[in-house]
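K.L.:
So the protein lines, in turn, are chains G, C and Z. When we follow this note's numbering, the leftmost residue of the first sequence carries the number 12, and every step to the right adds one. When we follow this note's numbering, the leftmost residue of the second sequence carries the number 867, and every step to the right adds one. When we follow this note's numbering, the leftmost residue of the third sequence carries the number 18, and every step to the right adds one.
What the hints contain is simulated information worked out from the structure, not anything from laboratory work. You may find that some hints are simply not true.
[Claimed, not checked] Only part of the chain Z face toward chain C is listed, based on derived beta-carbon distances under 10 Å: (1) Arg41; (2) Phe59; (3) Arg77; (4) Ala120; (5) Phe141; (6) Leu151; (7) Leu222; (8) Ala224; (9) Gly228; (10) Leu235; (11) Leu237; (12) Val251.
Keep in mind it's a predicted model, so treat the numbers as computed, not measured. Just so it is clear, CB atoms sit at the ideal spot from N, CA and C, and this is done for glycine as well.
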Amino acid sequence: MKSNGKATVGILLALSFLATACGSDGGDSAAGSCEVGQVDGDLALYNWAEYIDEEQLDEFAAEYGISATMDTYESNEVLQPKIAAGNSGYDVIVPSDYMVGILIAGEHVQALNKDLIPNLSNVSPDFANPSYDPDGSYAVPYQWGYTGIAVDTEVVGTDFPRSWDIVFSDFAADYSGRITLLDDPRETLGAALKSLGYSLNTTDQSQLDEAQALVSEYKDNLAAFNTDSGDELITSGETAIAHGYSGDMFTQFLETDDPSRYVFFVPEEGGTRWIDNMAIPFDAPHPCTAHTFINWLLDGEQGAALSNWNYYGTPNSASIDLLDEELNAFLTDPTVLTGGQETLESIIDTGDFETNYADAFSRAKG
Amino acid sequence: MSGSVVRPTGKTGRLLAANAWLVYLFFYAPIVVLVIYSFSDSRNVGVWGGFTLDWYEDFGNSRQAKGALTNSLKVAVASTVVAVVLGTMSALAIERYRFRGRAFFDALLYLPVIVPDVTMAVMLLLFFAEAASLFGFSKGFATITLSHIAFSISFVSIVVRARISGMSEQLEEAAMDLYATRRQAFRYVTLPAIMPGITGGALLAFTLSLDDVVITEFVTGPGWTTLPVFVFGLIRKGVTPLINAISVIMLIASMGLVALSLLAERARGDRGSEA
Amino acid sequence: MATTVETIAEAVTPEFEHSNERLRRRRGALLALPAYLYLIIFFVIPFGIVVVYSFATRTRFGTDLSGWNLNSYRRLGDDLVRDVLFRSAWLALLTTVVCLVLAYPFSYYMATRSERTRNLMLVFVMIPFWTNFLVRTYAWRVILGTDGPYSQLTSAVGLGSGRLLFTQVAVVLGLVYGFLPFMILPLYASIERVDPRLLEASRDLYATGFGTFRRILLPLSMPGVIAGSILVFVPSLGAYVTPSILGGAKTTLLGSYIVTQFLSARDFPFGAALSFVLMIVMLSATLIYFRKGGRTL
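Assemble the whole structure, with the sequences as input and the hints as a guide.
P.N.:
Set out below in structure tokens:
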């Protein structure tokens, strides 16, 4: 046995793999030959968990005489490398705003053939022209929400700052050990940046340094940095102030005996409005089915069914009148957006600066 | 081989027994909590919302959850079988034989234990993506199982080696002096002697496979979501007691298997004494 | 397969010794071959890809493999990396020691039972781990939380309510829970093998119980101690879900740092360089540790 020889062969093989990996396939639409409502095979959907009812998916499958499978992921960061690596096998994916930008830049999603999606006209103008995908050439909005702060008024009362001061000032010291912030560099540093009056997409290192110092200064008041359970921790009484996503908070509030006990708001300095989107991977095996599915879900009734099941906001203007009252009341609650629409931003990929965010967050934690 | 070590008595014996109970208490404390909350009528695993059996019903109705459980079991069984065979062979080779490339092989066997999960996940993702475009296969059962075997071999090998290391070969030699073939010596002497190591390694491999999230998530393909990947997906919206219910079902199933094997053993024992 | 004739021949005629040695070498190599090939294909080649990536450059949407550089390795000298490494190593060491202290007497006790009890005990060690990892960790969150059983216990005995959740203690506890079987299995496998007559002989020669343990049992079970320590230490070093859920992710640990590089920062080159160097360090340490352990036998 020649171990060294084997190792060399291994490395050479690896290199030859890489050589073929360098040539990326283009982002041209492969769906040129499809017709509206045509399917060219079963649907493989890669989606966030609990984001669509299995029964709704079955309904689509039955209507078109195919089968539909869904697999789930828990973060954009798991989705992206899987799609970028190629051969993922998925027809439709649901990336968030900034990730759409990254996937477009890498040519890992294909341009949509808009002729195959007549229901695009249902997309509310608010969402038709997002900064990460001008003209909506690659992605169709799926659901949306805010990132903000949830407060348990039974513990904190109603006299609290409706600003980021609630976590980034001495006010937070009174609730030491009962506060969670998102464990996400962009969201949490973004909150600090907003609190300082900067854009949450800044690429100015000195502003980022300030934000890092702010997070670091008040982190001792935290119970945890947690992206996944902030909503559950506050409703189980473990914490009293939680940084999190609107839809998650809202569904958890409704689980409790007294939802009115909790308040969710976007601080007056502003925060994140996020949009999740449907897109088609560059090497989707069934692009016709993918277009047909997107079009089907953009139907007013289907869009409403989607929102009424997952309780997030709908970008579909034909669905708004069909929403549950409870959900509609929450989505249009004027006290949620304390600073108004213009203070909101979407997180946008900052390119090479992204590593500075990751680094600053690691340093802020110490 | 009598096997069992001297039984300590008196104070030492009582202390040891107390420690054993303590360790079991530690192991089963969260399991008790987990079982209790599987009957809780609240989506939030940390909140007791009154008794319900809804989560078990949900499991019965959820195609995704049932599929994920089946997928996990298939992968765990397949990868354990292969990893145990390859791992035990490699342990025997390293502990009992000198051959060229042994030092390199020895080092190689530790690497899958040492590599961080996410690194292994990323490297296998890149590897299978390339392999798939070269040879044209789709990701799923095969890619997950192959990946699980890649890390399980090492775990099995380490546990089996801990058993073999320092064990003398005199018994095998004696057996062969008594005209046993090499095959017979292995079957009737070596194998029983290293069995506790193999059992331990197999249990470890099975458990690791059943629990793996990160690597599986990166190498899986459409329709091949395993249970941990399914559960990890739920983490954002909240892991519901549905997962507790699935865990309870698995607990009952595994305990049932243990009880069955005990009964089978007893039945065999009875027949043996009658004969 | 050796035939009986060969075996006898080798026993009676010295000139067969040389060829027998060659035969043994070949047999060893053949036994190793399947696992060897397997790991070359499904570990070494993929790992080679990662090593290649460590010399590449991060781009907005992936990795640029055209210009090779050492930038990622230069970043390893950063203070942050050193702090993260030491903090994680300390936590992993603590976890390993606690596991060893709990698992050794447990494995010894198990080895002293009848074969049937032993097997049962072993299976009952593993059964909890056939439930889902996340749900187990969430159960710990309930136990260690503000109104959880632990807190109720401490207030009942007059120590006041004690929330262990989101502390370092909770992290170590969670890691010990998760990795204790990794210690028990190899320990049990090596203790169970120790010849009881050696221990009896030692006691007959008036050695104390502790003396017998220190001079006979411990050295003979050293391979298990070493294997168990590695199986606990190494994964503890890279753990990130437990520190996040039970510890609240308030400090950066190695596991989450590496995950952040690969996922949040999408910096494959730096993540790859970090893993590569970590693996070299860990592998050298492991091999030295094993050689040393081997000598004490």
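K.L.:
Would you mind marking each hint as holding or not holding in the structure?
P.N.:
Here's how the hints hold up against the structure:
| no. | hint | result |
| --- | --- | --- |
| 1 | Arg41 | holds (6 Å) |
| 2 | Phe59 | holds (4 Å) |
| 3 | Arg77 | violated (18 Å) |
| 4 | Ala120 | holds (8 Å) |
| 5 | Phe141 | holds (7 Å) |
| 6 | Leu151 | holds (5 Å) |
| 7 | Leu222 | violated (14 Å) |
| 8 | Ala224 | violated (13 Å) |
| 9 | Gly228 | violated (13 Å) |
| 10 | Leu235 | violated (13 Å) |
| 11 | Leu237 | holds (7 Å) |
| 12 | Val251 | holds (5 Å) |
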